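Student: Listed below are the residues making up each chain.
There are 2 protein chains.
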Amino acid sequence: VSGAFAAATAVERSGPDRFEGRIPQGWDVAGNAHGGYLLSLAGRALSVATDRPDPVTVTAHYLRSGRPGPVGIDTEVLRSGRRLSTARATLSSEDHSLVAVLATFGDLGDDATPHPELIDAGPPELPDPEQCERVVPAQPFPPAFMAHLDLRLHPDDAGFMQGARSGSARIRGWVRLPEHEPIDTIAMLTVVDAFPPTVFNVDLPIAWVPTLELTAHLRRRPAPGWLACEVRTRFVSGGFLEVDGVYWDLDGSLVAQSRQLALVPRAD
Amino acid sequence: VSGAFAAATAVERSGPDRFEGRIPQGWDVAGNAHGGYLLSLAGRALSVATDRPDPVTVTAHYLRSGRPGPVGIDTEVLRSGRRLSTARATLSSEDHSLVAVLATFGDLGDDATPHPELIDAGPPELPDPEQCERVVPAQPFPPAFMAHLDLRLHPDDAGFMQGARSGSARIRGWVRLPEHEPIDTIAMLTVVDAFPPTVFNVDLPIAWVPTLELTAHLRRRPAPGWLACEVRTRFVSGGFLEVDGVYWDLDGSLVAQSRQLALVPRAD
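Listed in order, the protein sequences are those of chains Z and P. 11 is the number of the first residue of the first sequence in this note's numbering; add one for each residue after it. 11 is the number of the first residue of the second sequence in this note's numbering; add one for each residue after it.
No lab work stands behind these hints: they were computed from the structure. Predicted model, so just to flag it, every value in this text is computed and none were measured. We put the CB at the ideal spot given by N, CA and C, even for glycine. No false leads were slipped in.
Pulled a few chain P residues facing chain Z out of the computed Cβ check, cut under 10 Å:
#, residue
1, G116
2, L118
3, H125
4, D130
5, A131
6, V209
7, T225
8, L251
9, L273
Pairwise CB distance ranges (calculated):
#, chain 1, residue 1, chain 2, residue 2, range
10, P, G177, Z, E30, 51 to 57 Å
11, P, S107, Z, D213, 45 to 51 Å
12, Z, R93, P, G91, 33 to 39 Å
13, Z, D213, P, E104, 52 to 58 Å
14, P, A217, Z, S90, 22 to 28 Å
15, P, S90, Z, P188, 37 to 43 Å
Chain Z on its own, in the form it takes in the complex (with noise of 0.2 Å):
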């Protein structure tokens, strides 16, 4: 355990497919365990249950929200193969089911052979993130989780905190964890949950967005320093939203892909 990210994520197995842990005070959004946070604690589970190193393709279902104090992770190898490994976790609190995931571990230090390769984007245009604007917990905005992120929001799209929005349903920022703590794969799925929500920037009537499905692509481990990432929605219906992340490394190269669908409230 190497820092503050480390130490709030981290689990003990007290059986074959059971691990503990616990959330500590003020990982919260709003009183409730943040989304991603939730999941980087199962996720250290997994990577103990599968003896992989890191996540692959992760997602997550939640069920309840989380308060401070012990969880349980139970957990379940479906299928170990050559290169990847697939389970399936329950993150519950004093019998209540809080977070189901199912995901594939895998390692992706593990990259001697050459691949084929596309790349048809690229990392979002950013000031330097000295120039970009933090974001700092208040009340009751932003929530007390964003003292465990150094999160810096390009200028374009940080107007929305201070009732400015910019018309496009997109926030692009600079992230890492505070004290030079690097972000393994692991805290990765907390990244990937970690921008405030992209529909602040556009003028509809929705306040807060719980997220009921988050799955996270993971394609290398982060060189260390800053990541360069871009959230955007395009599609809010039915009473839903999708949002698209896309999480890139100072080296300029592609570290993960997320999509979560959110539950839009009823505007009545």
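Chain Z is fixed; fit chain P onto it per the hints.
Tutor: What follows is chain P alone, placed relative to chain Z:
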């Protein structure tokens, strides 16, 4: 049961959490049961298990290939809420797990109350279906499974079938079920895996792309008739590629989004 697709995806409850189905001959890609079809089979069971008509968000991880014959689907409902229920399923054959599924189901016909709406894209521009190229089974490609769909590709994106790649990792086209069988939301789980590999249109040494994981988000029940579809790949890297799909009905409404992560066999 009102058509060939409904018959091929029929399941029978054999216990409180257990369903039985059968993979027919001919629903395969090079001998392996089609992945989207297997997900529809699991989806029928999950719809009964959750007592909800429509998948809202469904993720499948593919563990092993399916062959014609009997399959069992074990389900577990994790949460039943007022509007949505979350459950998981394992589809297996002779004690081998083939597909693991995590899904949230609801009622997409329940649309009396207005929702906030933002639609920042539209259906792909397509010639009439009669001017598009129908995908008909042949040896070794297209696969036998294509007999069970009526799939018509945009002529600009279909040249790869005669060895002329478009240069863009994108395929647009129309899809419907044969004999005017309606596409319900369970059949949509097949549609989101129905298109040929996008990378067949670019100059990369990739001959097959086994799906590791597939997630579909459904926004509404499709109107009768053709669906206008577009699938594309932006990133081939790290030994993986994603395929993003968007599906529209003839009313011009967004029906579904999909994303899958596929393995890219090593170039060596």
